[in-house]
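Work the whole structure out from these sequences, hints included.
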Amino acid sequence: MQLPKSVTHVLMKQVTELKCGSMIISCAFNHQLSDAYSMSMFLVAWAKHARLEKMSNLPSFRPSILNPRHPPHYETSLDNLYVPMITSLPPPSSFEEPLGSRMYHIRAESIERIQSEASTKETKRSKFLSFTAYVWKLLADGGNDVGSSISRMGIVVNGRRFLTEVNEKSSSSFENHYGNVLSVPYGVAANSDLKAMALHEVANRVHGFVSETTNEEHFRGLIDWIELHRPAQAVPRIYFGHEKSEGRDVVITSGSSLPINDMDFGWGKPEFGSYHVPWSSRTGYIITMPSATGNEDWVVCMHLNDKEFDVIERMAPNVFIPLSISSLV
Numbered sequence: 000m001q002l003p004k005s006v007t008h009v010l011m012k013q014v015t016e017l018k019c020g021s022m023i024i025s026c027a028f029n030h031q032l033s034d035a036y037s038m039s040m041f042l043v044a045w046a047k048h049a050r051l052e053k054m055s056n057l058p059s060f061r062p063s064i065l066n067p068r069h070p071p072h073y074e075t076s077l078d079n080l081y082v083p084m085i086t087s088l089p090p091p092s093s094f095e096e097p098l099g100s101r102m103y104h105i106r107a108e109s110i111e112r113i114q115s116e117a118s119t120k121e122t123k124r125s126k127f128l129s130f131t132a133y134v135w136k137l138l139a140d141g142g143n144d145v146g147s148s149i150s151r152m153g154i155v156v157n158g159r160r161f162l163t164e165v166n167e168k169s170s171s172s173f174e175n176h177y178g179n180v181l182s183v184p185y186g187v188a189a190n191s192d193l194k195a196m197a198l199h200e201v202a203n204r205v206h207g208f209v210s211e212t213t214n215e216e217h218f219r220g221l222i223d224w225i226e227l228h229r230p231a232q233a234v235p236r237i238y239f240g241h242e243k244s245e246g247r248d249v250v251i252t253s254g255s256s257l258p259i260n261d262m263d264f265g266w267g268k269p270e271f272g273s274y275h276v277p278w279s280s281r282t283g284y285i286i287t288m289p290s291a292t293g294n295e296d297w298v299v300c301m302h303l304n305d306k307e308f309d310v311i312e313r314m315a316p317n318v319f320i321p322l323s324i325s326s327l328v
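Every letter in the sequence shown is one number past the one before it in numbering that gives the first Met the number 0, and letter 134, counting from 1, is 133.
Keep in mind the hints are simulated off the structure, nothing from the lab.
Warning: the hint list may mix true and false statements.
Unchecked claim - The list that follows gives simulated cross-link-like pairs (lysine-lysine, BS3-like), each with its CA atoms no further than 27 angstroms apart:
| id | residue 1 | residue 2 |
| --- | --- | --- |
| 1 | K194 | K126 |
| 2 | K194 | K47 |
| 3 | K47 | K268 |
| 4 | K18 | K53 |
| 5 | K18 | K268 |
| 6 | K53 | K268 |
| 7 | K194 | K123 |
| 8 | K126 | K12 |
To be verified - Distance ranges between label pairs, derived from CB positions:
| id | residue 1 | residue 2 | range |
| --- | --- | --- | --- |
| 9 | F271 | V234 | 29 to 37 angstroms |
| 10 | R112 | P83 | 37 to 45 angstroms |
| 11 | S325 | I23 | 14 to 22 angstroms |
We put the CB at the ideal spot given by N, CA and C, even for glycine.
This is how it looks when you write it as structure tokens:
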């Protein structure tokens, strides 16, 4: 269920009643002002208000806690991650393959197996990082690219936790901050190298580029970078993608904050919940979300081209199961 497009509204809501008696609640929000974590807080608060319950975690609307420093300063590495954009995005090249959208169901046992293969005796990787490494290697293994081609993998990082760790007095404000506190680091690798690596080695590489951003200085620097480039909008460099000859780019984000089981508006818990991103970039995009079944299965939404979908469904049909009604019960 897609809402009308709008460039002036901060938030739009739509409730659709079906003939069977079910209802679909859709929300669209301006990503410049709030991220998915913020939207999740709003949905939980809305559901509790509908049930006349008191909110346990009040959102914080104090943008001052993310003010730039004086004087603003940042590490030059941020210039590799972000670009200032004054005008709209350039249209994709005519030879670029359009991206399609598909949803998959991934069983909990598949996720655990991937995590096990991405970990070692010394280091246990998170399920999300393991999955990211798995997809990066899978696309490289299944592609027909020449050995010199490269690919880029980006991850969306929520900065609230890393800012909270340093400033304990403002910990609750950061944790419940309503706004956009994200960064999108990415790694680059030759597909031939990814093919030769074991999955835990790819996971090490993913951990390497992500760990460069999981600290307060990175996010404070990003705030200062944005301040110094005003009025231009800050856009992750990987969002623009690259020419076909320069390899493919994919961004993966975790939608684990989607509070499906907390979104009871008074008529029972939802049977299904999902984020939807109206993706307009040539870069691939994947978002993982918890299944409403509560059994630790995932629902994954993917925006990829046909060749990438073919690789995923041909090489890992037991992992990526097309979403169906049977997946939701």
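Evaluated hints:
A threshold of 27 angstroms between alpha carbons decides the hint, and for K194 with K126 the separation of about 21 angstroms falls inside it, so the pair holds. With a C-alpha separation of about 48 angstroms, the suggested pair K194 and K47 falls outside the 27 angstroms cut-off, and the hint is violated. For the given pair, K47 sits about 12 angstroms from K268 by alpha-carbon distance, which is consistent with the 27 angstroms threshold. Taking the CA atoms of K18 and K53, the gap is about 33 angstroms. The hint is violated against a cut of 27 angstroms.
For the suggested pair K18 and K268, the alpha carbons sit about 19 angstroms apart, so the restraint of at most 27 angstroms is met. Distance hint between K53 and K268 is fulfilled; the C-alpha atoms sit about 18 angstroms from each other, no more than 27 angstroms. Simply put, K194 and K123 have alpha-carbon atoms about 22 angstroms apart, close enough for the 27 angstroms limit, and the pair holds. Taken as a hint, the K126 and K12 pair is broken in the structure, with Cα atoms around 32 angstroms apart against an allowance of 27 angstroms.
About 31 angstroms separates the C-beta atoms of F271 and V234, a value consistent with the hinted range of 29 to 37 angstroms. Taken as a hint, the range 37 to 45 angstroms holds for the pair R112 and P83, whose Cβ atoms sit roughly 42 angstroms apart. Our hint of 14 to 22 angstroms for S325 and I23 holds, since their Cβ atoms are close to 20 angstroms apart.
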